[in-house]
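Take a look at the letters that make up each chain.
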Amino acid sequence: MAEALDAGAPSFRDRFPDEAAVVRAALLSSFIALTLGAVFGIIQGLHRTNVLRVLDSQFYYTILTAHGVLMVVSFTIFFLVGLFTWATVRSLERPLEDIRYTWAWYGLMVVGTLMAVVAILGGFVPSVDISADVLFTFYAPLQAHPLFYGGLAIFVIGTWLAGADWFWSWYNWKQAHPDERIPLQAFMVLTTMLMWYIATIGIAIAVVGFLLPWSLGLIEQVNPLLTRTLFWFWGHPVVYFWLMPAYLLWYTVLPSLAGGRLFSDPLARVVFVLFLLLSTPVGIHHQYVDPGIAEGFKMIAMTNTMFLLLPSLLTAFTVVASMEHGARQRGGTGLFGWLRALPWRDPAFTGMTLAGLMFAAGGFSGMINAGMNINYLIHNTLWVPGHFHLTVGTAVALTFMAATYWLWPRLTNRQLYSRPIALGQVVLWFVGMALMSNAMHVMGLFGVPRRTAEPQYQGFDFVASFGSITELRIQLALGATLLFVSTLLFAANIALSSWTPTVSGHGHRLPDPLSGPGDSPVVLDNLKLWFGIGMVLVVLAYTLPLASIVQDSGLFGRGIDAYPAMIETPVLLEGSPLSLAEPLASKVSAMLSGVIS
Amino acid sequence: MRDASPAGVLLGSAVLFVILWELRSALGLLAGVDLSAPAYFLTTVAIVAITAFGLSVGLFQLSATVLDQRI
Amino acid sequence: MDIHSYEKIWLVLAVLLIAGFVSTVTYGATAVGVQMIDDDGGTIDANALDEDPRFGNPRVEQVGENHYAAYVVAQQFIFRPDPITVPANSTVTFYVTSPDVIHGFEVVGTNANTMVVPGQVSKLTVTVEEPREYGILCNEYCGNGHHTMEGKLIVQPEDEYAQGGSTDG
Chain V
281 MAEALDAGAP
291 SFRDRFPDEA
301 AVVRAALLSS
311 FIALTLGAVF
321 GIIQGLHRTN
331 VLRVLDSQFY
341 YTILTAHGVL
351 MVVSFTIFFL
361 VGLFTWATVR
371 SLERPLEDIR
381 YTWAWYGLMV
391 VGTLMAVVAI
401 LGGFVPSVDI
411 SADVLFTFYA
421 PLQAHPLFYG
431 GLAIFVIGTW
441 LAGADWFWSW
451 YNWKQAHPDE
461 RIPLQAFMVL
471 TTMLMWYIAT
481 IGIAIAVVGF
491 LLPWSLGLIE
501 QVNPLLTRTL
511 FWFWGHPVVY
521 FWLMPAYLLW
531 YTVLPSLAGG
541 RLFSDPLARV
551 VFVLFLLLST
561 PVGIHHQYVD
571 PGIAEGFKMI
581 AMTNTMFLLL
591 PSLLTAFTVV
601 ASMEHGARQR
611 GGTGLFGWLR
621 ALPWRDPAFT
631 GMTLAGLMFA
641 AGGFSGMINA
651 GMNINYLIHN
661 TLWVPGHFHL
671 TVGTAVALTF
681 MAATYWLWPR
691 LTNRQLYSRP
701 IALGQVVLWF
711 VGMALMSNAM
721 HVMGLFGVPR
731 RTAEPQYQGF
741 DFVASFGSIT
751 ELRIQLALGA
761 TLLFVSTLLF
771 AANIALSSWT
781 PTVSGHGHRL
791 PDPLSGPGDS
801 PVVLDNLKLW
811 FGIGMVLVVL
821 AYTLPLASIV
831 QDSGLFGRGI
841 DAYPAMIETP
851 VLLEGSPLSL
861 AEPLASKVSA
871 MLSGVIS
Chain G
992 MRDASPAGVL
1002 LGSAVLFVIL
1012 WELRSALGLL
1022 AGVDLSAPAY
1032 FLTTVAIVAI
1042 TAFGLSVGLF
1052 QLSATVLDQR
1062 I
Chain R
175 MDIHSYEKIW
185 LVLAVLLIAG
195 FVSTVTYGAT
205 AVGVQMIDDD
215 GGTIDANALD
225 EDPRFGNPRV
235 EQVGENHYAA
245 YVVAQQFIFR
255 PDPITVPANS
265 TVTFYVTSPD
275 VIHGFEVVGT
285 NANTMVVPGQ
295 VSKLTVTVEE
305 PREYGILCNE
315 YCGNGHHTME
325 GKLIVQPEDE
335 YAQGGSTDG
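Residue numbers (the working numbering), protein chains in the order written: chain V, 281 to 877; chain G, 992 to 1062; chain R, 175 to 343.
FYI, nobody ran anything at the bench for these hints, they're computed from the structure.
Note that beta-carbon positions come from the ideal geometry of N, C-alpha and C, so glycine has one too.
Hints may contain errors.
Claimed, not checked - Taking lysine to aspartate or glutamate pairs in the EDC-like style, the calculated list, with each CA pair at most 20 Å apart, reads:
| # | chain 1 | residue 1 | chain 2 | residue 2 |
| --- | --- | --- | --- | --- |
| 1 | V | Lys454 | V | Glu575 |
| 2 | R | Lys326 | V | Glu734 |
| 3 | R | Lys182 | V | Asp799 |
| 4 | R | Lys326 | V | Asp741 |
To be verified - Only part of the chain V face toward chain R is listed, based on derived beta-carbon distances under 8 Å:
| # | residue |
| --- | --- |
| 5 | Gln338 |
| 6 | Pro571 |
| 7 | Phe597 |
| 8 | Glu734 |
| 9 | Asp799 |
From just these sequences and the hints, can you work out the full model?
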């Protein structure tokens, strides 16, 4: 049974053609980043498991940096800005205030991404002095080329301007609708962006205040613990920046795909307010085994983090309840029998549901990470990538891909190329990720480290308490391969959808929730209040730790030299295509150094 | 007459496979049980295949299980 | 605000679960006494490790009845001393620092795991039991040789250790 389509209703593209163009551009940027990131991902998966090594291990770290940045900065955030533009325009039912301003911030994000990607890919070309082999976390004293830090800064500024664009829309909408509650999707967009503004304070200070000037030679040294702490000030809330668009989809789109309605609008608002308040004052849980930070601060971060489980648990209830409601609307009966009445043939529905299911597992492995003293066992081991491939890698990525199957026809007025392939793709992702992340979690428990090109050591062996390390490596490589194939299926399906027949009437009115905004306290819409409380919590969580770091080891550190993370003696494998890149890259480098120096 | 759709069978098979496979890690880590990987994998695939096949051709029905209990 | 009764039950269960998690961690931190790495190790000038009496000569030395201090330097791409030798059935406090970039110090198969940050000293106290050998690896990316960075922790029988004396780097 097909999902409820208002046959003949105008699509988003019909009603807002200019806005649809921006959304498409943002989403396409996101998919290009995903596909390129996936190529790097499979190289890594086969390399570190010693299944297939096509490059010298030194290049592994260039690839790892690219994979990290492309996946969790470019792919996720370009998708967010596209989705949020769609959601704001749709829910406020008004076009953007000035489409040129919108293209401008999108353009900034593209420029920033290209700068950072050029800096990273420069690491493949040893004769060029540009590289950023510093990984997604770019911990000082490892140092990247200024293009890298500059690119990230410009990208983030683009996102700030994007937020302002949506606030602008909302402000004007409010003038026209003075007594109305903020429509739910717009509410979610605004609260997410408020959280982002708070969260990016840390990374802005780290990059613009310290790392960029340091890479340009304007300051001599930086305090590695300080910049690391400022990174994680941002580094935890950024995961909610990835997650909240997925939640927006689970709350406002998934129920209607299931044939029903959102169980409760007020609870959805409560969840987003909780994220605004609690996402940032927890960053120190990434630094449980850092020296220089007192245990008391870590304890506070721990309790805040545990409470962050609450909005996700509430989401689990509401999403499942909404799905059950939809299933019963479609005729499902029985204690569990209603599951059969759900539209499993719909790749958008099935993808989002599998993503949510996997998120439950990821949430629990996250709780282990958060369990301060148990963190000793898994810190910086392969368990950690196992965890985040379930959360950002599935809950977010798979939801985004699944949602695209639903959204793309509404943005293009074209049918999806193939629904069966789409369904196969999401199921393949689920199975591939289960295999890969299971292997990663188990290997992490046996002590195998993350971020390592060759976790095969001379002086000792890892001891597996069941099975063997070898079989776990094979399982990881197999999972990674399935994921890569799945990514290609997604990209191909979307690409081939450019030539399918145009269809009109793709409009779909998202139904109202069972319990509407009118049932929730008006105070939930008081964005200033929640932003204020969020800032207070962050000040409380971070002032003392930051002040104590600065007091103990100085604003700029003592005796810290910079370590440009560059490959000094490159060893290219015979016949590697990368050796062809040198002549071209030298010309580019000459151009760039002319501009920069 | 079968009551499980093709999509449902595909999805259910995937979920069943994942649950059974993860069980091996749970047994290994928590109970120290070391089950041979190739044997376990083949057994898992066999169980999933039989379940999928059986549901597809109507050999057995989901509704014969607890799914249809009234609340 | 109208909250469904099932949702109220769920909310209560969720809060109980969270409270449970916080209690177990607090129990671990207090009753069991698992201490986190913190600022106890103090700070240091990363460019002047050679002049520091502890790290200028990385070694293990006895500092108490059955208590040993291991002064370890983690640098691109080795640990000093290598191997780190300690006697069985003792308490060992590791002091670890770095002259260059951020490293990790992980004793494989155990929960002895710390970040090593230039300018800071990580202090980690563990109890060591029967004689055996452990691998040590760096679990934080530290440059293009990161995957070669490994060391060894050898726990010697007490009489063997007493004969051999402490190990210099």
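For each hint, the structure was consulted:
no.	hint	result
1	V:Lys454 with V:Glu575	46 Å, violated
2	R:Lys326 with V:Glu734	18 Å, holds
3	R:Lys182 with V:Asp799	16 Å, holds
4	R:Lys326 with V:Asp741	12 Å, holds
5	Gln338	4 Å, holds
6	Pro571	4 Å, holds
7	Phe597	5 Å, holds
8	Glu734	4 Å, holds
9	Asp799	5 Å, holds
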